[in-house]
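Visitor: Residue numbers for the sequence shown follow our numbering, beginning at 1 and rising by one.
Since the hints were made in silico from the structure, they are not lab data. The model shown is predicted, which means the values in this text are computed figures rather than measured ones. Where is the CB? At the ideal position from N, CA and C, for every residue including glycine. It is possible that some hints are incorrect.
Straight-line Cα separation of at most 25 Å, DMTMM-like style, residue types lysine to aspartate or glutamate; simulated pairs [stated by the list, open to error]: (1) 55 / 82; (2) 395 / 15; (3) 540 / 627; (4) 299 / 434; (5) 670 / 627.
Each pair of labels, with its calculated beta carbon distance range [to be verified]: (6) 295 / 270: 25 to 33 Å; (7) 632 / 584: 48 to 56 Å; (8) 599 / 635: 52 to 60 Å; (9) 501 / 84: 25 to 33 Å.
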Amino acid sequence: MLEAANETAFDEFWEDLVLEAGASGEPQHAAFFQLYGALASENGDCADLIYTPVKRDGAKPYQIDGYAFDRDRGELHVAICDFRHDRDIETLNAERMQQLFNRAKRFLECAIDTDFVRSLEETSAAFEVANQIAQNRDVIKRVRCVLFSNARLSTRKKSVEAGEVFGVPITFNVIDFLRYHDIQRAQGGVEPVELDVAELNGDMPLPCLNAHAGEGEYESYLIVVPGDLLARIYGIYGARLMEQNVRTFLQARTKANKGIITTASDEPEMFFAYNNGITATATAVEVSETPEHGRAITKIEDLQIVNGGQTTASLLYAKDKQKADLSKVFVQMKLSVVQPERVDEVVPLISRFANTQNRISEADFFSSHPFHIEMQKMSRRMTAPAAEGAFAGSKWFYERARGQYRNEQASRTPAEKRRFETEFPRSQVFQKTDLAKFHLTFRAQPHVVSRGAQKCFLEFAKEISKKWEKGAAEYNDRFFRWSVARALVFRWVDKMVGQSSWYQEDRGYKANIVTYTIAWTVARLSESNSQAIDLEQIWKKQAVPPALQDVFSAVAPRVAAILKSPPPGVTNVSEYAKTQGCWARVQGSEFDIPDDLGDAVVSLETIDEARKTGRAERKIDLEIEFERQLFGLVGQAGSIETIARRYRMLSPLSTRALGKLGRGNLSLTKSESNSLQNLFERLRDRGVDIGGMEEA
Numbered sequence: 001m002l003e004a005a006n007e008t009a010f011d012e013f014w015e016d017l018v019l020e021a022g023a024s025g026e027p028q029h030a031a032f033f034q035l036y037g038a039l040a041s042e043n044g045d046c047a048d049l050i051y052t053p054v055k056r057d058g059a060k061p062y063q064i065d066g067y068a069f070d071r072d073r074g075e076l077h078v079a080i081c082d083f084r085h086d087r088d089i090e091t092l093n094a095e096r097m098q099q100l101f102n103r104a105k106r107f108l109e110c111a112i113d114t115d116f117v118r119s120l121e122e123t124s125a126a127f128e129v130a131n132q133i134a135q136n137r138d139v140i141k142r143v144r145c146v147l148f149s150n151a152r153l154s155t156r157k158k159s160v161e162a163g164e165v166f167g168v169p170i171t172f173n174v175i176d177f178l179r180y181h182d183i184q185r186a187q188g189g190v191e192p193v194e195l196d197v198a199e200l201n202g203d204m205p206l207p208c209l210n211a212h213a214g215e216g217e218y219e220s221y222l223i224v225v226p227g228d229l230l231a232r233i234y235g236i237y238g239a240r241l242m243e244q245n246v247r248t249f250l251q252a253r254t255k256a257n258k259g260i261i262t263t264a265s266d267e268p269e270m271f272f273a274y275n276n277g278i279t280a281t282a283t284a285v286e287v288s289e290t291p292e293h294g295r296a297i298t299k300i301e302d303l304q305i306v307n308g309g310q311t312t313a314s315l316l317y318a319k320d321k322q323k324a325d326l327s328k329v330f331v332q333m334k335l336s337v338v339q340p341e342r343v344d345e346v347v348p349l350i351s352r353f354a355n356t357q358n359r360i361s362e363a364d365f366f367s368s369h370p371f372h373i374e375m376q377k378m379s380r381r382m383t384a385p386a387a388e389g390a391f392a393g394s395k396w397f398y399e400r401a402r403g404q405y406r407n408e409q410a411s412r413t414p415a416e417k418r419r420f421e422t423e424f425p426r427s428q429v430f431q432k433t434d435l436a437k438f439h440l441t442f443r444a445q446p447h448v449v450s451r452g453a454q455k456c457f458l459e460f461a462k463e464i465s466k467k468w469e470k471g472a473a474e475y476n477d478r479f480f481r482w483s484v485a486r487a488l489v490f491r492w493v494d495k496m497v498g499q500s501s502w503y504q505e506d507r508g509y510k511a512n513i514v515t516y517t518i519a520w521t522v523a524r525l526s527e528s529n530s531q532a533i534d535l536e537q538i539w540k541k542q543a544v545p546p547a548l549q550d551v552f553s554a555v556a557p558r559v560a561a562i563l564k565s566p567p568p569g570v571t572n573v574s575e576y577a578k579t580q581g582c583w584a585r586v587q588g589s590e591f592d593i594p595d596d597l598g599d600a601v602v603s604l605e606t607i608d609e610a611r612k613t614g615r616a617e618r619k620i621d622l623e624i625e626f627e628r629q630l631f632g633l634v635g636q637a638g639s640i641e642t643i644a645r646r647y648r649m650l651s652p653l654s655t656r657a658l659g660k661l662g663r664g665n666l667s668l669t670k671s672e673s674n675s676l677q678n679l680f681e682r683l684r685d686r687g688v689d690i691g692g693m694e695e696a
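Build the full structure now, drawing on both the sequences and the hints.
Guide: This is the structure we're talking about:
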């Protein structure tokens with residue numbers, strides 16, 4: 001049964017791969033890297049990787065397929081691919097795995113050899129990676145190497161510390177096909193991290209103190225964790241330890257904390273007193289009674305750090321860079337054990353409340369933001385017009401959580417799956433990070449998009465959250481239609497670039513070329529002609545107008561030439577593309593485009609008017625929805641008032657409004673209605689289920 005499920009999953013993987021290759025115009029091995037790289041980054045196995053295929057066979061072979069450099073934490077991430085073309089799952093044995101890791105390690109060793117770097121062609125991918133490593137040699141304090149394979153390991157392999165390369169620790173990690181499939185099935189969560197605490201801590205379990213009473217669904221423990229152990233665990237597993245929203249924040253914005261590093265290095269015995277400790281969750285723990293330690297934890301399943309990620313990362317940084325002795329460092333941990341079936345519900349709440357006093361804002365908890373729920377609802381409801389040559393319209397599927405599209409089909413019969421894919425074609429699936437990329441590109445911020453999916457998403461989240469607080473009416477049917485239109489433009493340009501002869505002759509930096517090409521066009525239309533791309537027309541046609549196709553086709557190679565010819569002293573194009581200076585240089589360039597693009601563009605005044613109309617219509621819809629909600633809450637007004645009073649949230653206005661609601665009087669004034677909306681929102685923030693009246 002399991003074998004059949006794996007074979008089905010492998011067939012689906014190949015469908016995804018062929019679709020990705022076809023949509024991007026890239027060869028299959030590049031599409032393979034993109035699929036695995038995106039999943040690995042989201043899971044915390046690596047940072048957002050840049051595709052740089054480098055390979056040499058012969059007596060001293062080496063290979064690298066992608067890299068990312070995290071300067072803030074002094075970590076170099078490298079990836080190596082083991083892409084198999086066979087449509088049946090093959091086996092990845094230990095010998096082949098070691099050969100691949102040796103290839104990656106050999107390239108890393110070559111990269112710090114000045115003569116080797118000088119021997120490389122400066123426009124090659126090998127030079128980009130090697131030069132980046134050589135220039136930052138003194139900053140790199142740890143290397144994380146991940147192997148991507150669509151074969152399967154005969155025995156599941158954990159992340160391991162594998163000695164050193166050019167004098168710094170290196171960690172090896174494998175994502176074979178079975179693990180790739182497991183991560184996909186996690187539905188937007190992360191692959192569970194299972195820790196054998198005793199094994200990692202020199203056969204010493206962690207003494208703990210129960211912080212819960214009796215038997216129940218919830219358990220909690222207070223633990224004192226040795227700094228060496230915490231640093232070692234983070235050294236092996238990295239960002240996978242972090243709860244997803246905290247991980248996004250850490251990967252995108254946080255530097256190692258100087259205060260934490262200084263205390264760990266100079267006053268390790270005071271670390272416990274000065275540091276607030278960490279908050280974590282797990283789905284299960286194994287507890288034993290020992291004569292030496294009393295009650296102690298030996299194993300932790302599905303560990304996620306929800307607060308204290310900066311402390312954890314900074315301890316490893318202190319150990320790697322400052323060579324700090326962590327033997328006297330101890331960290332307090334509050335560990336909550338949550339039942340597996342309640343993880344998706346409870347862990348985000350624990351994470352949210354644990355982080356209310358630090359820099360992780362509501363924007364950073366964007367995965368569960370109501371904006372996403374609204375986008376999902378619209379995507380399931382709104383049918384796009386039929387494209388030319390199609391008999392009927394179809395829908396665009398918005399994945400609020402990873403794996404939703406697959407899971408929608410999981411229990412369907414073959415006939416039902418075919419009907420589902422007719423309604424929601426696989427080519428019309430887009431995710432949160434895709435939406436962020438499309439949106440910021442059209443906001444003329446290609447340098448932000450070039451910083452990678454996580455940083456791009458965080459900027460998008462901040463913008464949306466601020467606007468949502470002012471009013472959700474902005475995010476209406478029009479916003480969804482225009483988001484789909486942006487997706488159509490972005491994907492058309494991406495495929496055009498991938499298939500163009502000029503790109504195939506000199507591959508590289510495609511993601512940068514695509515976002516910069518669209519952003520330049522959008523900015524030029526706005527600045528020179530007070531015009532914008534007619535997204536409504538693209539939605540109606542489900543296609544990019546020929547006039548725009550001609551513009552993008554003409555602009556893209558010019559943009560590519562500028563990106564690949566950076567100013568003197570700049571040797572890394574990928575890093576340069578992330579800067580405001582790069583965008584200023586491209587934006588200021590003159591490319592000839594037609595003055596008249598016909599109905600492919602509209603005036604900015606028309607755009608503003610469409611936005612105003614959409615907001616007005618959405619406000620009416622929201623008022624109707626709230627009135628419908630109030631009708632269902634008439635019998636629960638008393639319970640709502642009791643709970644709100646307990647939390648000291650009642651105002652005279654909301655008390656009067658609840659009184660009217662309890663009497664069945666729905667004729668509320670505008671101010672009374674607003675007071676109830678505000679009260680309900682505050683109660684939901686405290687985990688109260690309005691309607692069910694159960695506290696989470």
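Visitor: Next, verify each hint and record whether it holds.
Guide: For each hint, the structure was consulted:
1. 55 / 82: holds, 12 Å
2. 395 / 15: Holds. Residue 395 to residue 15 sits at ~19 Å (cutoff 25 Å).
3. 540 / 627: Outside the cut-off at roughly 33 Å; violated.
4. 299 / 434: Outside the cut-off at roughly 37 Å; violated.
5. 670 / 627: Distance ~12 Å between residue 670 and residue 627 Cα, so the pair holds.
6. 295 / 270: 25 to 33 Å: Given about 27 Å between the Cβ atoms, the range holds.
7. 632 / 584: 48 to 56 Å: Since residue 632 and residue 584 have Cβ atoms about 54 Å apart, the given range 48 to 56 Å holds.
8. 599 / 635: 52 to 60 Å: holds, 54 Å
9. 501 / 84: 25 to 33 Å: holds, 29 Å
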